[in-house]
Amino acid sequence: MEEIAEAAGVTKPVIYQHFSSKRALYLELLGAVDDELSARLLSATAEATTGRERVERGFAEYFRFAADSSAAFRLLFGASVRNDQEFSEVADRAIERISILISALIEIDVPEAQRRVLAHAMVGMAEATSRTLANDGEVQDPDLLASWLAEMAWFGLRGVRTE
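Counting from 1186, one number per residue, gives the positions in the sequence shown under the numbering used here.
Treat each hint with caution, since some may be false.
Computed spacing ranges between beta-carbons, pair by pair [what the hints assert, rightly or not]: (1) G1236 to F1204: 39 to 45 Å; (2) F1204 to I1293: 40 to 46 Å; (3) S1206 to G1236: 41 to 47 Å; (4) A1313 to H1203: 32 to 38 Å; (5) S1265 to E1232: 42 to 48 Å.
Please keep in mind that the hints were generated in silico from the structure rather than gathered at the bench. Where is the CB? At the ideal position from N, CA and C, for every residue including glycine.
With the sequences and hints as input, model every part of the structure.
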């Protein structure tokens, strides 16, 4: 709490006036990171004019977020979140929220439940790629990564049987 107060330019008692505990603060931060990532993805994909462009822009924004806001990315998708049920539920809601956004962009003739599964797969690709790069300490061009994964996802989605 001391580090947070210092970063915010306030004292610890001020932080405790707004949050009853570190846990409450952590939950608030998780929610704020989820909101920021979702807003960035919505904004990035809203300007696209084709399905393929939406896929690539979505991946690019996700990778930019993971690179530019690595602490926020680790906060929401890091291993420590998975060790606590309540924190894990917030992370799961974030993944579900992103998957809902993505499933609305998938333009194949399958039921919504199937589009949601495909959307979860795309979120998994982005999260695993981001986590691997963060753990390796490699810096990659978000646009290049987005191009690669969008290509793989796009052609993969084109191959989904709708019968």
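Do the hints match the structure? See the list:
no., hint, verdict
1, G1236 to F1204: 39 to 45 Å, "holds, 42 Å"
2, F1204 to I1293: 40 to 46 Å, "holds, 44 Å"
3, S1206 to G1236: 41 to 47 Å, "holds, 45 Å"
4, A1313 to H1203: 32 to 38 Å, "holds, 35 Å"
5, S1265 to E1232: 42 to 48 Å, "violated, 35 Å"
In this structure, the one hint that does not hold is number 5.
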